[in-house]
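A.B. asks: Line order of the protein sequences matches chains A and B.
The first sequence begins at 1 in the numbering used here and counts up by one.
The second sequence begins at 1 in the numbering used here and counts up by one.
Honestly, the hints are just simulated from the structure, not real lab data.
On a predicted model such as this, the values are computed, not experimentally measured, just so you know.
Beta carbons are placed, not taken as given, at the ideal position from N, Cα and C, and that holds for glycine.
Don't take each hint at face value.
To be verified - Capping the alpha-carbon separation at 20 Å, the derived lysine to aspartate or glutamate pairs in EDC-like fashion look like this:
| id | chain 1 | residue 1 | chain 2 | residue 2 |
| --- | --- | --- | --- | --- |
| 1 | A | K174 | A | D126 |
| 2 | A | K40 | B | E33 |
| 3 | B | K110 | B | E78 |
| 4 | A | K40 | B | E30 |
| 5 | B | K76 | B | D103 |
| 6 | A | K216 | B | D109 |
Claimed, not checked - Now the stretches of chain A that chain B is said to cover, found in silico as 3 or more residues with beta-carbon under 8 Å:
| id | segment |
| --- | --- |
| 7 | 44 to 54 |
| 8 | 76 to 89 |
| 9 | 182 to 191 |
| 10 | 194 to 208 |
Take a look at the letters that make up each chain.
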Amino acid sequence: MTKKQIITVVTVLFFGLINAQVGIGKANPVQTLDINGNMKLSNTLYLENPGVHTGSSVNSYLIVKDNSNNVIKRYVPETSDYSAINSVTYAFTAVNYSGLSNYDTGISASSYYLTIGGYIIRGGGDNSNVYISGSNSNIPLYSARAFVQNGTWRLTFLPNHGRVFTVPADQTPKNIEMRLNVIVYRRDMLTIVNPTINLNMNADTSGNGTATPPEKM
Amino acid sequence: MKNYLIILLPMVSGILFSQNVGIGTISPTEMLEVNGSVAVGTSVYVNPNTYTATPSGFDVLAVDPQSAIVNGKVMKVETLYTPIIIQPYSISNIYRDDLNNLDLQIPSDKYMVAITNFEAVPSTSNSSQPNSGIYSNTTVKGHFVIRTFESGGTWRVNIGYPTLNTQYTSGRYTYNFDVILLSKRFFKVLNESVTTYNLNGDISGDAGTAPSGI
Chain A
1 MTKKQIITVV
11 TVLFFGLINA
21 QVGIGKANPV
31 QTLDINGNMK
41 LSNTLYLENP
51 GVHTGSSVNS
61 YLIVKDNSNN
71 VIKRYVPETS
81 DYSAINSVTY
91 AFTAVNYSGL
101 SNYDTGISAS
111 SYYLTIGGYI
121 IRGGGDNSNV
131 YISGSNSNIP
141 LYSARAFVQN
151 GTWRLTFLPN
161 HGRVFTVPAD
171 QTPKNIEMRL
181 NVIVYRRDML
191 TIVNPTINLN
201 MNADTSGNGT
211 ATPPEKM
Chain B
1 MKNYLIILLP
11 MVSGILFSQN
21 VGIGTISPTE
31 MLEVNGSVAV
41 GTSVYVNPNT
51 YTATPSGFDV
61 LAVDPQSAIV
71 NGKVMKVETL
81 YTPIIIQPYS
91 ISNIYRDDLN
101 NLDLQIPSDK
111 YMVAITNFEA
121 VPSTSNSSQP
131 NSGIYSNTTV
141 KGHFVIRTFE
151 SGGTWRVNIG
161 YPTLNTQYTS
171 GRYTYNFDVI
181 LLSKRFFKVL
191 NESVTTYNLN
201 GDISGDAGTA
211 PSGI
């Protein structure tokens, strides 16, 4: 029997019995088992009662498993390529006055999901005077969303009915400016995307309806 | 032989193993190597390295408090409970612009929600009466609402011009939007009820202190 084998046998015999603190590579263990080094498991780790973190969120990290070597590590957004939620603000200048039809962000549709949250439309040169052209008695709704085409996410911001933005008569060119707050969700980190829920309101005059619950929640 | 002596005196001052220890393995490659699983009754203290990007990526870990036989199984969070859920909706054939109370059947005690990626697609059920948008032939141009609200324990969506309408009753809209569900298991609502601030007619304000928890 080698020395390591003896230790293995003794360890197995004693671990179920002993109440004293055990140090591995450590002469003065301060916990029931105190390892001065790495621990490797071939299977599962159970934390039966790990306690609840009650401190500030800035004093905690997510724990992740590095898939290249199965080592448990702490997750720090600054040292990672991406996070679960990523924020990008797109500031577009010299946008055609008809609006933004299809801006290719180059962001992969298979890895990410994009949403447009806040937005602001301005005249050229950050001018606050910007209007919607056409009929004074019809107010268009609009499309402000991200959509997928040819594998990448695109941004669109268009008034309905082909209406366009207008700027003061003395402004040339007639371009506008647009700022879109875009949130980029990483599909495989903390996030799932459910299939679209379709509901036909059947022109119910009450405007009330009930959608089916999300498939996964 | 040193290890024998230490093991023979277990109750005196704790136990020391000064070389790699294997459980279920005779050739441990780390300070402690277990060929199997480990259950820890209380805390695990670790001093892990910081993850730096690798092409193979990473999985976020979490504990399942209800795992079988032994509670607290550490596993990929995606296999347990997903903190962020993106739910796209396409609500068609809406009467004029009125989506007043769409029950999403998402429990408000479990989730926060946000509405995003909005798109309104106009149509009409009578081609001689086109839907040209929200109609007002006076100087009153109304106000547009797009919001979620709680009622009866579930989240609801309200989109439209409350005081205006399409010109004709044949006007229809399809509203496409995404709802982001954020699980309260992972994210915090700072004030469980709406907090009211009276600005007394001013255009600026000062909350004084940030909401508690920030």
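A.B. asks: Give a verdict on every hint.
C.D. replies: Cross-check of the supplied hints:
Simply put, K174 of chain A and D126 of chain A have alpha-carbon atoms about 13 Å apart, close enough for the 20 Å limit, and the pair holds. For the given pair, K40 of chain A sits about 5 Å from E33 of chain B by alpha-carbon distance, which is consistent with the 20 Å threshold. For the proposed pair K110 of chain B and E78 of chain B, the alpha carbon gap of about 17 Å is at most 20 Å, so the pair holds. With a CA separation close to 6 Å, the supplied pair K40 of chain A and E30 of chain B stays within the 20 Å bound.
Of the pairs offered as hints, the one joining K76 of chain B and D103 of chain B is violated, with about 32 Å between alpha carbons and a cut-off of 20 Å exceeded. Between the alpha carbons of K216 of chain A and D109 of chain B the distance comes to roughly 16 Å, so the proposed pair stays at or under 20 Å and holds. As drawn, the segment 44 to 54 of chain A meets chain B at 8 residues by the rule of a beta-carbon pair under 8 Å; at three or more, the given contact holds. For the segment 76 to 89 of chain A, the proposed coverage by chain B is satisfied: 6 residues have a C-beta within less than 8 Å of a C-beta in that chain, meeting the threshold of three.
Beta-carbon proximity to chain B at under 8 Å applies to 6 residues in the segment 182 to 191 of chain A; the threshold of 3 is reached and the given coverage holds. A stretch counts as covered by a chain when three or more of its residues have a beta carbon under 8 Å from one of that chain; for the segment 194 to 208 of chain A and chain B the count is 15, and the coverage holds.
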